[in-house]
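Undergrad: Each chain, letter by letter, is given below.
Protein chains: 2
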Amino acid sequence: MTSDPEVTAQPTDRRQRILQVASELFATRGYDGTSMRDVSEACAISKSLLYHHFANKEDLYRNIVLSSAGNLYDYVRDRVPTEGSAADKIRAFMLVTAEFFDKHRWAWIAATTAFWSAGESELRQTRLVKRDSFEQHLRSLLQEGIDNGEFGPMDVAMTGRLILSSLNWMYKWYNPEKSKTPQDIAGIYFDTLLNGLAVRPA
Amino acid sequence: MTSDPEVTAQPTDRRQRILQVASELFATRGYDGTSMRDVSEACAISKSLLYHHFANKEDLYRNIVLSSAGNLYDYVRDRVPTEGSAADKIRAFMLVTAEFFDKHRWAWIAATTAFWSAGESELRQTRLVKRDSFEQHLRSLLQEGIDNGEFGPMDVAMTGRLILSSLNWMYKWYNPEKSKTPQDIAGIYFDTLLNGLAVRPA
Numbered sequence: 110m111t112s113d114p115e116v117t118a119q120p121t122d123r124r125q126r127i128l129q130v131a132s133e134l135f136a137t138r139g140y141d142g143t144s145m146r147d148v149s150e151a152c153a154i155s156k157s158l159l160y161h162h163f164a165n166k167e168d169l170y171r172n173i174v175l176s177s178a179g180n181l182y183d184y185v186r187d188r189v190p191t192e193g194s195a196a197d198k199i200r201a202f203m204l205v206t207a208e209f210f211d212k213h214r215w216a217w218i219a220a221t222t223a224f225w226s227a228g229e230s231e232l233r234q235t236r237l238v239k240r241d242s243f244e245q246h247l248r249s250l251l252q253e254g255i256d257n258g259e260f261g262p263m264d265v266a267m268t269g270r271l272i273l274s275s276l277n278w279m280y281k282w283y284n285p286e287k288s289k290t291p292q293d294i295a296g297i298y299f300d301t302l303l304n305g306l307a308v309r310p311a
Numbered sequence: 110m111t112s113d114p115e116v117t118a119q120p121t122d123r124r125q126r127i128l129q130v131a132s133e134l135f136a137t138r139g140y141d142g143t144s145m146r147d148v149s150e151a152c153a154i155s156k157s158l159l160y161h162h163f164a165n166k167e168d169l170y171r172n173i174v175l176s177s178a179g180n181l182y183d184y185v186r187d188r189v190p191t192e193g194s195a196a197d198k199i200r201a202f203m204l205v206t207a208e209f210f211d212k213h214r215w216a217w218i219a220a221t222t223a224f225w226s227a228g229e230s231e232l233r234q235t236r237l238v239k240r241d242s243f244e245q246h247l248r249s250l251l252q253e254g255i256d257n258g259e260f261g262p263m264d265v266a267m268t269g270r271l272i273l274s275s276l277n278w279m280y281k282w283y284n285p286e287k288s289k290t291p292q293d294i295a296g297i298y299f300d301t302l303l304n305g306l307a308v309r310p311a
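Line by line, the protein sequences are chains A and B.
Numbers in the numbering used here are just positions in the first sequence, counted from 1, shifted up by 109.
Numbers in the numbering used here are just positions in the second sequence, counted from 1, shifted up by 109.
These are calculated hints, taken from the structure and not from any lab test.
Predicted model only: the values in this text are computed from it and were never measured.
Take the hints with a grain of salt, since some may be wrong.
Copies of one chain are not kept apart here, so a pair can be met inside one copy or by any two copies together.
With a straight-line cut-off of 27 angstroms between C-alpha atoms, the simulated BS3-like cross-links for lysine-lysine are [unchecked claim]: (1) Lys287 / Lys166; (2) Lys287 / Lys212; (3) Lys239 / Lys156; (4) Lys156 / Lys289; (5) Lys156 / Lys287; (6) Lys166 / Lys289; (7) Lys281 / Lys212; (8) Lys281 / Lys156; (9) Lys281 / Lys239; (10) Lys239 / Lys287; (11) Lys166 / Lys281; (12) Lys166 / Lys239; (13) Lys166 / Lys156.
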């Protein structure tokens with residue numbers, strides 16, 4: 110019997126904990142600025158136990174990127190309703206993306222910022238494929254709204270970019286301690302995009 | 110007499126050239142991933158000549174950040190008309206920002222991405238003050254449109270964020286070789302934001 114937390118913690122919990130701690134380190138110090146030693150110290154575990162879970166820093170980072178950007182596409186696809194107006198679906202798309210950002214903020218930031226240093230890797234390619242599917246989903250909803258007469262004519266690709274820019278940029282300024290929730294912000298963005306700034310005739 | 114380009118180039122030209130080359134390096138490799146040796150080699154000048162112009166890497170980076178983010182505020186303020194509708198002014202604000210991005214893309218990217226590693230420095234503070242003035246300018250134009258009846262009621266702060274997000278995110282995906290100009294893109298964004306996606310009654 111032992112009460113050493115290194116031994117008694119469930120492996121899945123410990124793995125999750127390592128991913129969370131490492132996400133925050135990568136997010137705040139960058140990929141180059143974070144070492145495996147930093148991660149093991151921040152988790153209060155030995156380096157050998159850390160290496161038991163992740164082969165090296167790249168492997169650890171890969172798992173963070175795939176758990177955030179990688180799952181966003183599936184997460185959103187599973188939660189956007191298939192019935193209703195295109196506007197309702199796009200609203201859901203935006204709010205669910207914001208919810209995902211809220212839940213996985215450090216991993217999201219780590220994937221967005223540190224990624225730059227990762228170069229033209231296979232990981233980058235995997236992520237880009239997921240990103241393309243995500244963007245394609247949004248474009249199909251915009252096209253649906255044009256086809257059914259809800260929306261006026263538009264450049265679908267650029268409108269999709271505009272919507273995603275609003276959500277993607279949030280990592281840079283959002284402060285959970287003094288702001289609305291990401292979901293509230295996404296709701297305000299949606300209303301603005303749907304109705305526009307200009308006064309509508311009564 | 111000598112034809113050594115190190116000696117014959119005008120100091121101002123050389124300084125500008127170093128800033129341009131270093132911007133691209135910082136933008137593509139990050140701050141940590143770029144050394145003074147990398148910069149001197151990419152400029153084909155000696156390290157001692159590089160150090161003649163910039164005391165160290167931080168000094169070089171500081172000059173890049175201040176030349177991009179630092180000047181954006183003044184650049185835009187000088188070019189947004191003071192007469193006309195609020196909509197026209199906001200359109201100009203967006204197009205001029207896009208034009209600045211187009212002209213100083215590498216410096217913009219270097220300032221946006223590598224900045225993360227620079228931490229809570231005085232440089233960061235200087236930049237944030239400039240950013241605040243820039244954002245405040247946009248908010249005053251939105252408020253002007255509400256006050257004169259052009260725009261409906263809105264959350265001015267969040268609408269300003271939405272507009273700036275569209276422009277700020279461009280660094281991440283814009284590819285000058287296969288895209289519209291940043292100014293064209295900003296124009297499309299503006300039209301969408303002004304009129305909204307939903308069909309307007311005729």
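Undergrad: Hint numbers the structure violates, sorted upward?
TA: Hints 1, 3, 4, 5, 6 and 8 not satisfied by this model.
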